[in-house]
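Chemist: Mind docking chains Z and Y on chain P? Use the hints.
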Amino acid sequence: MKRSTVLGMLAAVALVAAACGTGASPKPSLDMPSSIGEAEDELNLIIWAGYAERGEVDPAYDWVTPFETETGCKVNTTDMGSSAEGVQLMESGQYDGGSFSGNATDRLMASGTVAPVNVSLLSNYANVFEGLKNKAHNSKDGVAYGVPHGRGPNLLAYNTEVVTEAPTSWDPIWEGGSEYAGKISIYGYSDFIADAAIHLMETTPDLKITNPYQLNQAQFDAAVALLEAQRDNGAVYWASYSDQVSGFAAGDLVIGTTWQFQVNLLQAEGEPVEAVLPDEGSTGWSDTWMIHKDAAHPNCMYLWMNHMMSAEANGQATVWFGEAPTSPQACTYAETLSPGHCDLTHATDEAYYSKIWYWATPRADCADTDAATTCKDQAAWTEAWTSLTGS
Amino acid sequence: MPAIRLEGLVKHFGGEPGRRAPAGGGTAGGGVGGAAGGSPGGSAQNEAIVAVAGIDLEIVDGEFFSMLGPSGSGKTTTLRMIAGFERPTAGRIVLHGRDVTDLPPFERDVNTVFQDYALFPHMSVGENVAYGLMVRKVPRPEREVRVADALRMVRLEGYERRRPGQLSGGQRQRVALARALVNRPRVLLLDEPLGALDLKLREEMQIELKAIQQAVGITFIYVTHDQEEALTMSDRLAVFNRGRIEQLGTPADVYERPATRFVAGFVGTSNLLTGDSARAIIGSAGTFTVRPEKIHLVDPAATPGPDEASATGTIREVVYLGPDTRYIVALDAGGELVVTQQNLATSSMEALAAKGRVVRLTWKRQHNLPVGDG
Amino acid sequence: MTWLHPRRGLQLRLLLAGPIGWLGVVYLGALLILLLNAFWTKDSFTGRVEPFSWTLDAFDSLITVEVYRTIAIRTVVMAILVTATDALIAFPIAYYMARIASARTRGLLVIAVLMPLWAAYLAKVYAWRTIIQGKGPLEWVLAPFGIAGPGLDEIANTWLVLSYLWLPYMILPIYASLERIPGSLLEASSDLGARAGSTFRRVILPLAFPGVVAGSIFTFSLTLGDYITPDLVSDTKFIGNVIYDNSSLGSLPLAAAYSLLPVAIMIVYLLVARRLGAFESL
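Protein chains in written order, with my numbering: chain P, 1 to 391; chain Z, 1001 to 1374; chain Y, 2001 to 2282.
Don't take every hint at face value.
A partial selection of chain Y residues facing chain Z, derived with a Cβ cut-off under 7 angstroms [stated by the list, open to error]:
1. SER2184
2. GLY2193
3. ARG2195
Listed next, the stretches of chain Y that the computed footprint assigns to chain Z, with coverage defined by at least 3 CB atoms under 8 angstroms from CB atoms of chain Z [as the list claims (entries may be wrong)]:
4. 2077-2083
5. 2226-2237
In case anyone wonders, no lab produced these hints; they're calculated from the structure. Think of the CB as a built atom: it goes at the ideal place given N, C-alpha and C, for glycine as much as any other residue.
Same shape as in the complex, but just chain P:
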């Protein structure tokens, strides 16, 4: 049997399981617990790899064992490969919660898969930076639907031996990219259309792009045209971080979009690679712990959410992954593990993060209440991306 068919079948089975697991009602319930009851014995989480460490890789990074000892909740984790997979897993109803990026949280909130969170029960919530609270990606109608885990931007990486002057704009991967033709590294998913839109916000204000994830036809076409020019200039798309790391190490790539994570890896190998946040701003992620509306272990999940905002757990987790801590206390703790971490990730720099557009799902209704505006939805983005990279 061909792999593609197997894949389709698996997806189909997952879909049916999802349909059976949750029913079709997207109406979220606003019933929130008024207190945290006695902890259950177990907690089942969907996570990004590296979001729940037990010290198995490095004994200094263990924030799961202390939680289990303290609460008696045995933590089981399942890694998601992508936001979409995370959504599918969550919809199966087998999990109490998970850590999701913005392009999963919006879908989970809209479909009513996750429940609102009574943050007043979480003692560590008060410490969290205000800039992370009540954002579109973690709340609805002013009600919190989760607590933040950490955030980071997509950066512009460059080989300092080839690009001798630090860029201040995304221009070298777009119009100014001719000198790096064939050596430009580009994030290989349709989300990257938003990066084109951010560049257009700067270079073509006439398009009146206000949100790089919600694009009308004209804006979308302009972004795609920009991407096509980039492709014809020999853009190399990366699907996994290791693609990009080996490409930069081999010298096949000299400039492109990246995460702090890869830059750390390359610098640890002694490669002449630096990364900057260009002036236009960038796309990025801000991850959120959410609870399933029918969680089997809600008390353990509440305890976990509180734990993940604690100075120790959040400090360790964000240093481990290379993203910004969520509170001043976590920041202080992170500095003890990795001096300079908070400056590097601009944890307290709200001005820095005001330039970051966190990943969100493109929606036909433009994610607004104005019925007159329509935007290109996720399927259109995927299709455009396929046409871009597939022809």
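Modeler: Chains Z and Y only, in chain P's frame:
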């Protein structure tokens, strides 16, 4: 000029690297020493197995010549050397005056009918028969005529479109024959061609083969381990044993005057008188053979004629064969003789009742022949 | 003991119920759901498929959006190229194994051919990445000739790596079919006047052809379905990549509809292969 002359032909298998594959058949086949050959290829390290130990032979043009012998006697290897599938270790093969020892099979004017027929399963009967003409670039119209003729000769007209898999064993055998004959070779080699057929079909095919040979008039060299087949069909035959020819002659020569003890035993029923019993019965030392049908069973009190040899004994076993009955008689002088008697007036009950009876055996003295120990 | 027979039939049925039930429910059932999915609508935001909400949108997209056609043609051409390459490489190897090599060499060669199958698929693909990528062995080899390395974005990489990956699946059926040809057929051909080349063309090749077709079933279908290798050694999209991208991020119905294409191609392919006698060579 003889059709074929073999001079000092020797074949060893193993123990002699570098002289294995014949040029043509080898590159295409690699089936050297394979199933059809029955030759013990791939022997132990450096210890050559002698398949053919020195054969000198002349076969006359137009003759039906059989090579008879048990398996491993070298007859098939000899045939395969004539065909070109095996290269001799020593000696020469001369076909119609031309030395072909080093020629590949496709340059020899002989064709072979294989024991397993070797029909091409992906071709129709017509394509199989036309194969030799096609690779020799015979023009299509002539090809079609000759294929039709050949199929008519083997009584398979109208079978052109069939696949070999759709035919019976006997039909396949005839296709193999037609495929070889259509090339009008001057010599046809047949490697136990009837071995896979049942008895009745085999007997029919023996007659048919002989008739075809007489009709086309070419030399047939026929390998078989069946002495009856060899005796019925051949003009002459050679009896092979251990890589050598034990006796060469007409069927009557070989049957009536076996040159060696081996021939006497292999052709017909072994009926030997040796040592003391020979001295007592024949009156001289040595080994003698008497064919079972030449012996009479008479009353023990009867007196043998002056030109007759005689011996007394007890019937140890009786085998009723329908037209004949075979009696195994333990001689008083030692040893045993087999006697066959036509059941001219004897019923099976009577024949079987003879067991244990004391009898006298008589035969004409001219019928006990001395044989070498070979 | 006649009573035993009906009871044995019952035992047999009970014994087979498990595997056949599995085949029917899990295997064909999943295929059926795949088929149904292709005809269902999905929510454009949450991506949820609404069961039993019938639409032909997915097929409409596949037909009207040019890139899906381009990718389908590219995938089929790649499958043909990989199959042809493997057949050309595999035949001499299989021929040597089956008809020339000694028993000992043959055994070693069979092991050598099977050995790569023991290694994990991903390990092999990553090994090729290492070979192909900049500063890798391929670049060292090509450098003296003044040829630049291909890097990791050439479509030819996919062809190279897939041909490597599926080669054993081509060698083994050809080897089996060659080995099955009786030596006497080749002797007969030679005996009837055919030289080595003619024997090869008229006897060996036609008799080994079902083996080539059997092997091509593997190489063709595996290439049609693969999406990991194209992703890892090139940045070119194939049918599998589109299905993968859409099953997670875009539209599951579209993915389902698109995956019916390789299924349809393979059904046709298998019917043709059966006519060519390939199943006797498996």
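Chemist: Evaluate each hint against the coordinates.
Modeler: Consistency of the hints with the structure:
1. SER2184: 4 angstroms, holds
2. GLY2193: Interface hint status for Y/GLY2193: holds (5 angstroms vs cutoff 7 angstroms).
3. ARG2195: 6 angstroms, holds
4. 2077-2083: This one is violated; 0 residues, fewer than the three required, reach chain Z with a Cβ under 8 angstroms.
5. 2226-2237: violated (count 0)
Of the numbered hints given earlier, the model fails hints 4 and 5; all others are met.
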